[in-house]
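Start from the sequences and build out the full structure, keeping to the hints where you can.
Sequence lines, in order, name chains A and B.
Take 1 as the starting number for the first sequence in the numbering used here and just add one per residue.
Take 1 as the starting number for the second sequence in the numbering used here and just add one per residue.
No lab work stands behind these hints: they were computed from the structure.
The structure displayed is predicted, hence computed values, not measured ones.
A few of these clues could be false.
[Claimed, not checked] No farther apart than 20 Å at their CA atoms in a straight line, the calculated lysine to aspartate or glutamate pairs in the EDC-like style are these: (1) A:K34 / B:E235; (2) A:K308 / A:E56; (3) B:K34 / A:E31; (4) B:K288 / A:E56; (5) B:K288 / B:D246; (6) B:K30 / A:E56; (7) A:K30 / B:E265; (8) A:K288 / B:E193; (9) B:K287 / A:E56; (10) A:K30 / B:E56; (11) A:K34 / B:E265; (12) A:K192 / B:E265; (13) B:K192 / A:E265; (14) B:K287 / B:E232; (15) A:K34 / B:D230; (16) B:K34 / B:D196; (17) A:K34 / B:E232; (18) B:K34 / A:E232; (19) B:K30 / A:D196; (20) A:K192 / A:E31; (21) B:K30 / A:E265; (22) B:K34 / A:E2; (23) A:K30 / B:D230; (24) B:K34 / A:E235; (25) B:K30 / A:D230; (26) B:K30 / B:D196; (27) A:K287 / B:E56; (28) A:K30 / B:E235.
[Said to hold, decoys possible] Covered stretches of chain B, as calculated for chain A (at least 3 residues, CB under 8 Å): (29) 179-186; (30) 236-244.
Yeah, the Cβ is synthetic: ideal placement off N, Cα and C, and Gly gets one too.
2 protein chains.
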Amino acid sequence: MEHLFLQPFSRLAVCGGTHGNELSGVYAVKELRKTQPDQFGSFSVAAVISNPRAVEACRRYMETDLNRCFTEALLSAPVTDATPYEVRRAHELNSQLGPKGSRDAMDLVCDLHNTTANMGICIICLNSDWAGLHLYKYIQERTTATPVRLILLDLAPSEVYSLESLGKHGLSIEVGPQPHGVIRADIYNWMKEALDRTLDWVQSFNSGATFEGGEVEVYIHERSVDYPRDPETQEITAAIHPQLQDSDFTLLRPGDPIFQTFSGETILYAGKELYPYFVNECAYYEKKIAFHLGRKVTMNIPSISVKKN
Amino acid sequence: MEHLFLQPFSRLAVCGGTHGNELSGVYAVKELRKTQPDQFGSFSVAAVISNPRAVEACRRYMETDLNRCFTEALLSAPVTDATPYEVRRAHELNSQLGPKGSRDAMDLVCDLHNTTANMGICIICLNSDWAGLHLYKYIQERTTATPVRLILLDLAPSEVYSLESLGKHGLSIEVGPQPHGVIRADIYNWMKEALDRTLDWVQSFNSGATFEGGEVEVYIHERSVDYPRDPETQEITAAIHPQLQDSDFTLLRPGDPIFQTFSGETILYAGKELYPYFVNECAYYEKKIAFHLGRKVTMNIPSISVKKN
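Next comes the structure, spelled out in structure tokens:
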């Protein structure tokens with residue numbers, strides 16, 4: 001595969017509290033603010049609390065999920081009195097960290113999240129983002145405390161609804177399992193490790209290091225599965241089965257148990273072999289998602305280094 | 001020790017959703033409502049969603065913590081326009097399940113809770129409640145899936161602020177770890193097991209069985225420990241240390257690590273030997289409690305059987 005040259009990364013943003021009750025990112029960003037600006041050498045870091053009102057209230061969001069507000073359509077819609085707080089805040093963040101898709105945008109936006117699912121460290125980035133894929137490879141090769149995986153967003157950039165899409169490059173770092181509204185030291189340490197390695201990588205990249213390409217394993221979303229629900233009340237009638245609970249990224253086969261009803265019956269999986277993730281994520285009950293299913297794909301990525309001007 | 005005769009238990013209440021985002025109890029109560037009334041034989045069961053608005057919103061409470069509203073002082077205070085929703089609801093529940101301290105009160109109130117702490121099954125009851133202590137002994141002797149412990153409330157009944165104090169006898173069943181707003185099948189199964197054994201015990205008791213007394217181990221609250229906080233902002237500056245996290249009911253000794261600051265330093269315990277519990281309970285951040293500390297006490301309880309009229 002060819003070798004790619006990318007522009008140096010001079011302006012980074014590290015965001016936490018995009019969901020106000022995901023506390024590892026909130027405290028990692030607050031800690032980052034205590035760092036001296038010159039500690040980063042070749043680049044600047046903006047440490048951003050994305051949704052300060054939701055952080056203050058320790059809620060995911062106040063009016064609507066901020067991390068679904070960054071499509072080009074929503075970012076270019078006029079603001080009126082009826083515009084929810086989070087859409088207004090998305091416009092502010094777009095001015096501060098973007099504008100999305102422009103040459104003024106941050107070189108890298110790194111958004112920190114937690115999940116109640118047993119996901120370890122999970123990077124989410126766009127399929128066309130070679131820097132994101134290299135960051136994943138770099139973090140994975142150096143992390144022993146917990147598995148590191150990558151979910152690839154198979155979307156056009158304009159359609160990407162999440163905050164990290166404001167940058168020229170972007171990645172979400174999801175770390176779990178952690179209850180929302182709680183901070184666990186183990187999960188915080190994993191997130192800090194992923195964040196520190198991200199900053200190390202950028203420093204090395206800017207300094208002229210070549211990052212070898214090769215094969216990486218990634219997960220691509222196929223479909224989502226809802227909880228069984230009462231057809232009249234829409235209330236859930238089952239929990240994730242104990243065998244699937246905490247088994248994110250473990251191959252799900254036809255006939256495997258996926259739900260246990262509240263009266264004790266087991267419901268089996270009837271689809272094709274796929275990998276579950278975001279299993280029993282707290283915030284997805286309202287989105288009618290019990291878990292996502294994806295396929296595992298081996299990608300070949302090019303080697304990269306900085307483009308010298 | 002003497003033998004005690006207690007009145008039969010003819011009216012029981014099983015309550016869930018006292019905290020609206022503790023989902024095991026919510027779904028256990030909804031499941032219980034599907035049971036035929038005659039299935040319980042010698043007693044009736046009222047299945048109560050204690051805080052329906054908070055359950056609907058999937059929040060702990062709307063205005064104030066319902067499970068702190070059942071002191072005699074609050075239950076006898078006049079209701080005005082400024083009275084919070086939960087205090088009004090406590091008055092309703094007092095009419096329905098009490099009145100507290102009266103002969104019309106439910107014979108047993110069993111209140112179902114979850115915690116983000118690694119508490120397994122934890123019964124909480126009043127020090128003078130022999131039925132509660134026998135229920136604990138009965139559940140503990142029969143449960144192998146997870147440890148069963150008891151926290152004894154060392155209070156006068158009039159001062160007890162929690163819902164189960166409405167009944168002539170009362171117990172809270174706390175099951176964890178489970179994130180609030182999430183339902184895990186394993187935790188639900190533990191709660192169902194504790195609840196089913198409670199109903200079994202009442203049926204046996206009413207039928208004339210003698211329950212032998214003997215020694216039981218209980219925990220009694222000594223003091224609570226707050227997170228380290230920034231003196232100016234009052235924000236927490238540390239998480240529970242990984243060695244203490246998930247180690248509820250494991251003896252804490254002077255010199256053991258208890259906190260890890262967000263910059264990575266370890267803070268050691270400097271008090272006397274005690275047992276921690278409710279370690280990193282989500283809802284206690286706002287109450288400024290990182291964990292409780294209690295002493296372990298061996299109690300001798302009398303044998304009991306039903307008083308025949």
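Hint by hint, here is what the structure shows:
Between K34 (chain A) and E235 (chain B) the CA atoms are separated by roughly 15 Å; this keeps the pair inside 20 Å, and the hint holds. Of the supplied pair hints, the one linking K308 (chain A) and E56 (chain A) is violated, its CA atoms being roughly 44 Å apart against a limit of 20 Å. Our distance criterion of 20 Å between C-alpha atoms is broken by K34 (chain B) and E31 (chain A), whose separation comes to about 51 Å. Restraint check for K288 (chain B) and E56 (chain A): the C-alpha separation of about 16 Å stays at or below 20 Å, so the hint holds.
For a cut-off of 20 Å, the pair hint linking K288 (chain B) to D246 (chain B) stands: about 19 Å separates their Cα positions. Using a Cα cut-off of 20 Å, the hinted pair K30 (chain B) and E56 (chain A) is violated, with the two alpha carbons roughly 33 Å apart. Proximity of K30 (chain A) to E265 (chain B) is assessed by CA-CA distance (about 16 Å); at most 20 Å being required, the pair is judged to hold. For a cut-off of 20 Å, the pair hint linking K288 (chain A) to E193 (chain B) is broken: about 28 Å separates their Cα positions.
A threshold of 20 Å between alpha carbons decides the hint, and for K287 (chain B) with E56 (chain A) the separation of about 15 Å falls inside it, so the pair holds. Simply put, K30 (chain A) and E56 (chain B) have alpha-carbon atoms about 33 Å apart, too far for the 20 Å limit, and the pair is violated. With a C-alpha separation of about 15 Å, the suggested pair K34 (chain A) and E265 (chain B) falls inside the 20 Å cut-off, and the hint holds. For the given pair, K192 (chain A) sits about 14 Å from E265 (chain B) by alpha-carbon distance, which is consistent with the 20 Å threshold.
Proximity of K192 (chain B) to E265 (chain A) is assessed by CA-CA distance (about 14 Å); at most 20 Å being required, the pair is judged to hold. Note on K287 (chain B) and E232 (chain B): the hinted pairing holds, with a Cα-Cα distance of about 18 Å set against a maximum of 20 Å. Of the pairs offered as hints, the one joining K34 (chain A) and D230 (chain B) holds, with about 14 Å between alpha carbons and a cut-off of 20 Å not exceeded. Note on K34 (chain B) and D196 (chain B): the hinted pairing holds, with a Cα-Cα distance of about 14 Å set against a maximum of 20 Å.
Between K34 (chain A) and E232 (chain B) the alpha-carbon distance is near 16 Å, which keeps this suggested pair within the 20 Å criterion. Restraint check: the Cα-Cα separation between K34 (chain B) and E232 (chain A) comes to about 16 Å, which is no more than 20 Å; the hinted pair holds. Between K30 (chain B) and D196 (chain A), the direct Cα distance comes to roughly 47 Å. Violation of the 20 Å bound is thereby established for this hinted pair. Distance hint between K192 (chain A) and E31 (chain A) is fulfilled; the C-alpha atoms sit about 10 Å from each other, no more than 20 Å.
Under the criterion of a C-alpha separation no larger than 20 Å, the hint pairing K30 (chain B) with E265 (chain A) is consistent with the structure, at around 16 Å. For a cut-off of 20 Å, the pair hint linking K34 (chain B) to E2 (chain A) is broken: about 65 Å separates their Cα positions. A threshold of 20 Å between alpha carbons decides the hint, and for K30 (chain A) with D230 (chain B) the separation of about 12 Å falls inside it, so the pair holds. The straight-line distance between the Cα atoms of K34 (chain B) and E235 (chain A) is roughly 15 Å, inside the 20 Å bound, and the hint therefore holds.
A distance of roughly 12 Å separates the Cα atoms of K30 (chain B) and D230 (chain A); the hinted pair therefore holds under the 20 Å criterion. Note on K30 (chain B) and D196 (chain B): the hinted pairing holds, with a Cα-Cα distance of about 14 Å set against a maximum of 20 Å. A distance of roughly 15 Å separates the Cα atoms of K287 (chain A) and E56 (chain B); the hinted pair therefore holds under the 20 Å criterion. A C-alpha spacing of about 11 Å is found between K30 (chain A) and E235 (chain B), which places the hinted pair at or below 20 Å, so the restraint holds.
Closer than 8 Å: that is the beta-carbon criterion, and the segment 179-186 of chain B has 8 residues meeting it against chain A, so the requirement of 3 holds. Requiring three or more residues with a Cβ within less than 8 Å of a Cβ of chain A, the coverage given for the segment 236-244 of chain B holds, as 5 such residues are present.
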